[in-house]
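Student: If you want the building blocks of each chain, they are given just below.
Number of protein chains: 2
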Amino acid sequence: MINLDMALSTKPAPVQPDLSHWPHVVIVGGGFGGLEVARGLVDKNVRVTIIDRHNFHTFLPLLYQVATAMLEPAEVAYPIRTVFGKAPNVRFRHGQVSHVDHERQVVVLSDDAELAYDHLVIATGATAAFFGIPGASQHAIPLYSLADARRLRNRLLSALEHADAVADTAPIGLNFVIVGGGPTGVETSGALSELIKTVIKRDGLKLDPTRVRVILVDMAPRLLTPFPEKASAYALKELERMGVEVEFGRSVVEVEEHAIRFADGERLRVAAVIWAAGVTANGTLASDVQDKTGPGGRVRVNEFLQIADRTNAWAVGDSAAIPSGDNTFYPQLAPVAMQSGRHVAAQIARQLDGKAVVPFKFRDKGIMATIGRHAAVATLPKGPTVKGTLGWLAWLGLHLWYLVGFRNKLRVMINWTWRYFDWPSGPRLIVADAETAD
Amino acid sequence: MINLDMALSTKPAPVQPDLSHWPHVVIVGGGFGGLEVARGLVDKNVRVTIIDRHNFHTFLPLLYQVATAMLEPAEVAYPIRTVFGKAPNVRFRHGQVSHVDHERQVVVLSDDAELAYDHLVIATGATAAFFGIPGASQHAIPLYSLADARRLRNRLLSALEHADAVADTAPIGLNFVIVGGGPTGVETSGALSELIKTVIKRDGLKLDPTRVRVILVDMAPRLLTPFPEKASAYALKELERMGVEVEFGRSVVEVEEHAIRFADGERLRVAAVIWAAGVTANGTLASDVQDKTGPGGRVRVNEFLQIADRTNAWAVGDSAAIPSGDNTFYPQLAPVAMQSGRHVAAQIARQLDGKAVVPFKFRDKGIMATIGRHAAVATLPKGPTVKGTLGWLAWLGLHLWYLVGFRNKLRVMINWTWRYFDWPSGPRLIVADAETAD
Numbered sequence: 001m002i003n004l005d006m007a008l009s010t011k012p013a014p015v016q017p018d019l020s021h022w023p024h025v026v027i028v029g030g031g032f033g034g035l036e037v038a039r040g041l042v043d044k045n046v047r048v049t050i051i052d053r054h055n056f057h058t059f060l061p062l063l064y065q066v067a068t069a070m071l072e073p074a075e076v077a078y079p080i081r082t083v084f085g086k087a088p089n090v091r092f093r094h095g096q097v098s099h100v101d102h103e104r105q106v107v108v109l110s111d112d113a114e115l116a117y118d119h120l121v122i123a124t125g126a127t128a129a130f131f132g133i134p135g136a137s138q139h140a141i142p143l144y145s146l147a148d149a150r151r152l153r154n155r156l157l158s159a160l161e162h163a164d165a166v167a168d169t170a171p172i173g174l175n176f177v178i179v180g181g182g183p184t185g186v187e188t189s190g191a192l193s194e195l196i197k198t199v200i201k202r203d204g205l206k207l208d209p210t211r212v213r214v215i216l217v218d219m220a221p222r223l224l225t226p227f228p229e230k231a232s233a234y235a236l237k238e239l240e241r242m243g244v245e246v247e248f249g250r251s252v253v254e255v256e257e258h259a260i261r262f263a264d265g266e267r268l269r270v271a272a273v274i275w276a277a278g279v280t281a282n283g284t285l286a287s288d289v290q291d292k293t294g295p296g297g298r299v300r301v302n303e304f305l306q307i308a309d310r311t312n313a314w315a316v317g318d319s320a321a322i323p324s325g326d327n328t329f330y331p332q333l334a335p336v337a338m339q340s341g342r343h344v345a346a347q348i349a350r351q352l353d354g355k356a357v358v359p360f361k362f363r364d365k366g367i368m369a370t371i372g373r374h375a376a377v378a379t380l381p382k383g384p385t386v387k388g389t390l391g392w393l394a395w396l397g398l399h400l401w402y403l404v405g406f407r408n409k410l411r412v413m414i415n416w417t418w419r420y421f422d423w424p425s426g427p428r429l430i431v432a433d434a435e436t437a438d
Numbered sequence: 001m002i003n004l005d006m007a008l009s010t011k012p013a014p015v016q017p018d019l020s021h022w023p024h025v026v027i028v029g030g031g032f033g034g035l036e037v038a039r040g041l042v043d044k045n046v047r048v049t050i051i052d053r054h055n056f057h058t059f060l061p062l063l064y065q066v067a068t069a070m071l072e073p074a075e076v077a078y079p080i081r082t083v084f085g086k087a088p089n090v091r092f093r094h095g096q097v098s099h100v101d102h103e104r105q106v107v108v109l110s111d112d113a114e115l116a117y118d119h120l121v122i123a124t125g126a127t128a129a130f131f132g133i134p135g136a137s138q139h140a141i142p143l144y145s146l147a148d149a150r151r152l153r154n155r156l157l158s159a160l161e162h163a164d165a166v167a168d169t170a171p172i173g174l175n176f177v178i179v180g181g182g183p184t185g186v187e188t189s190g191a192l193s194e195l196i197k198t199v200i201k202r203d204g205l206k207l208d209p210t211r212v213r214v215i216l217v218d219m220a221p222r223l224l225t226p227f228p229e230k231a232s233a234y235a236l237k238e239l240e241r242m243g244v245e246v247e248f249g250r251s252v253v254e255v256e257e258h259a260i261r262f263a264d265g266e267r268l269r270v271a272a273v274i275w276a277a278g279v280t281a282n283g284t285l286a287s288d289v290q291d292k293t294g295p296g297g298r299v300r301v302n303e304f305l306q307i308a309d310r311t312n313a314w315a316v317g318d319s320a321a322i323p324s325g326d327n328t329f330y331p332q333l334a335p336v337a338m339q340s341g342r343h344v345a346a347q348i349a350r351q352l353d354g355k356a357v358v359p360f361k362f363r364d365k366g367i368m369a370t371i372g373r374h375a376a377v378a379t380l381p382k383g384p385t386v387k388g389t390l391g392w393l394a395w396l397g398l399h400l401w402y403l404v405g406f407r408n409k410l411r412v413m414i415n416w417t418w419r420y421f422d423w424p425s426g427p428r429l430i431v432a433d434a435e436t437a438d
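Here the protein sequences line up with chains A and B, keeping their order.
Take 1 as the starting number for the first sequence in the working numbering and just add one per residue.
Take 1 as the starting number for the second sequence in the working numbering and just add one per residue.
Hints are supplied without guarantee of correctness; some may be wrong.
Identical copies go unnamed one by one, so any copy, or any two together, can satisfy a pair.
[As the list claims (entries may be wrong)] Capping the alpha-carbon separation at 27 Å, the derived lysine-lysine pairs in DSSO-like fashion look like this: (1) 409 x 86; (2) 206 x 44; (3) 237 x 86; (4) 409 x 387; (5) 86 x 197; (6) 230 x 86; (7) 409 x 201; (8) 365 x 409; (9) 86 x 206; (10) 230 x 382; (11) 197 x 365; (12) 382 x 206; (13) 409 x 355; (14) 86 x 201; (15) 387 x 237.
By construction, these hints were calculated from the structure, which means they are not laboratory data.
Next comes chain A alone, as it looks inside the complex (with noise of 0.2 Å):
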């Protein structure tokens, strides 16, 4: 993804030359899955088409830190034009796609145009799931999109400065909960704790410290299960070091607008209620597919990434139910997302050249979460579980270097090692929903 830097030439994009008679590959879905698509395709004789509702790449990793108002939206966001800018053979169309007609093999945008393809790759990635639980998806906010982050970060300070404002006359305690203890809930929540106390401290809020509380709640009996014990054991011993309530073996039964109940019969009033609770397939394509639509509402594909066994349709990353073996299959994440992206580029480009397609191999560099401003888990595969600073700095390090767009990486950098020093004044803008009203 580094590469795609090439963007950021001085020299403007070279008149197109007409590549009409190209294959056209249209993919839907501008995230780390349909980017690398498009990325493997960049040198080779195809017309590719990103179809997004978004003119912009969001950087998911990094969502939580834009809803805790450390980072601003536009640094963990990238223009996908930008992206392609020198590609001649990538074309961005801003659009929401209704439905694809796998039959005419015509992609249909909500504006009704249509656009024809030779190849179909669906990249639409994932969102939260609600499981069915009353209120979750109403009042509940969950952190895929940067509108999530915003709603979220608005939600949070807009709280605080409530609690504030009423400190003298009808003093209130703040309760947020957040919902799941995979590598989301425990970030944020690592986060979410040091926003408040920096808030609290350095804005001067009349408000007790000891009644604005961080639950973090989970089914499970411990944090980031796909991690090993010991990482886990040790994301608690971080997460309760900085003030956060960590609740397991708790279920959530319903979400109400100011409070959330849970399965043993507790009612507790909440200021928000942060979802991390799991994620299913984004849009409704898979059901263009509906014989072929797997867990989570993925849609299933062989173990190339060809849907239904068609030769020119592709599903990758979070919307595709990739095969890992007899009936399981590889999780919803980054790398494999952009791991599947690359494979069904080449694919692609195997066919162009009259080879056969290979079937995708996952290989797994291992996983990481950060906790706080020091603390990080990095776990290789059969390998050593890195912890502390050291896990903080490889996690920073891979971020960065994820991070599309070198303008990105340098206002990132500069953010996270402004607040490593000091923090006085993160970007702690109240400026969403409210702002865009009035």
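Assemble chain B onto chain A, guided by the hints.
Tutor: Okay, now just chain B, sitting in the frame of chain A:
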């Protein structure tokens, strides 16, 4: 304002002593005027409360750069709490003032909370004046808040994306009309034409540049009327060199959703109408002193900046009609706002010391406007007019200097430097309404 960078110290705010016996100064509005009042009282024996409906100060002179995707919202906004982080006698109250009860000396907020004051300062600023032109307030976009800037940015970028999307099937032209040839209109039209050229060239948009028009209209016979003739002539030359069509002596009679109608009968289809035609006092607080409402809905003040000759009610900046002579008033400009704010702080301090108040005198330090990336005009009082790159550098320096917060200065400087040498990837994200909705 530069001294406000004390807020960037690494030390936490000290524990607040009990100041309850100190007189309470309530400042309504955290703009240039309001911040200067508070800043002038930081080391005085008064309690200060700044009330604003946003938790941040907005640097209005650069809003047009947010609208044209040159800067990010966080780069022209700064949390008010952070500004006064170390000042124990200054507090921030996030809220909307519904009215002022001058008899009981309380400010009433929209949540019905009441703040009793010993001194009141109205610093609510100005907003766009639509002069009752039908459709203007609904369909034209002004530039007086971050919300305006982001709404305009989304409109501009979405229009370009749409034109590109239909380029193959039904190519369209795009007209962007800026109403008003003052500094805001000149700066915005210049920046907009640069944005369009950049986006078309760098992003390879399928648009015919000759069919994308930026039209600046004004009733007056010249641009930048507050400037000398030669500055106006220079601005006109520069704008036309940049491809902006400037039309004088044209008045708008109606703005429709996708069109604008002029007094001469022409009806032009538009992608966006940018409203830079004039300002009026912001909010309704002036009506609480009805008999004292002056031109443009501003609060009439005496030469000491006192409202209705009360000794403890003041108004500053764009929301005040500040006499510059018999029935003449100072213009609604940032320098007037800042100087009047400092003056009120000084007068309140004088009263506390038992001294008599002194009249306000505005010291004109000149005006400046930037036209493009290398061109600006700066006019010194009774002095020369600086043009071209020198004027542009002066403009850059001055705006950086007044930008609140070292970190924001740094980020804006980086962006400007970046853009000066190369301009591939401004934060061209379409994120507001659509995104907060989805």
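Student: The structure should be examined with respect to each hint, and the outcome stated for every one.
Tutor: Quick rundown of the hints versus the structure:
Proximity of residue 409 and residue 86 under a CA criterion of 27 Å is satisfied intra-copy only: 20 Å inside one chain copy versus 31 Å between copies. Only between protomers do residue 206 and residue 44 lie at most 27 Å apart by alpha-carbon distance; the minimum there is 22 Å, versus 61 Å within a single protomer. For the identical chains of this complex, residue 237 and residue 86 are neighbours neither inside a copy (48 Å) nor across copies (33 Å), given an alpha-carbon limit of 27 Å. Only within a single protomer do residue 409 and residue 387 lie at most 27 Å apart by alpha-carbon distance; the minimum there is 24 Å, versus 36 Å between protomers.
For the homomeric pair residue 86 and residue 197, the shortest alpha-carbon distance between copies (16 Å) is at most 27 Å, but the shortest distance inside one copy (45 Å) is not. In the homo-oligomer, the alpha carbons of residue 230 and residue 86 never lie at most 27 Å apart, since the shortest distance is 46 Å inside one protomer and 42 Å across protomers. With identical chains, the CA atoms of residue 409 and residue 201 are at most 27 Å apart between copies only, with a shortest distance of 24 Å across copies and 29 Å within one. For a Cα distance limit of 27 Å, the shortest separation of residue 365 from residue 409 inside one copy, 22 Å, qualifies, whereas the shortest one across copies, 40 Å, does not.
Within a single copy, residue 86 and residue 206 get their C-alpha atoms only as close as 53 Å, which misses the 27 Å cut-off; across copies the closest is 14 Å, which meets it. Taking CA atoms no more than 27 Å apart as the test, residue 230 paired with residue 382 passes inside one copy only; the shortest distance there is 14 Å, against 74 Å between copies. Proximity of residue 197 and residue 365 under a CA criterion of 27 Å is satisfied in neither setting, with 35 Å inside one chain copy and 43 Å between copies. With identical chains, the CA atoms of residue 382 and residue 206 are never at most 27 Å apart, being 49 Å at best within one copy and 51 Å at best between copies.
With identical chains, the CA atoms of residue 409 and residue 355 are never at most 27 Å apart, being 38 Å at best within one copy and 56 Å at best between copies. Taking the closest pair of Cα atoms, residue 86 and residue 201 come within 27 Å of each other only across two copies (11 Å); inside a single copy the shortest separation is 47 Å, beyond that limit. Taking the closest pair of Cα atoms, residue 387 and residue 237 come within 27 Å of each other only inside a single copy of the chain (12 Å); across copies the shortest separation is 62 Å, beyond that limit.
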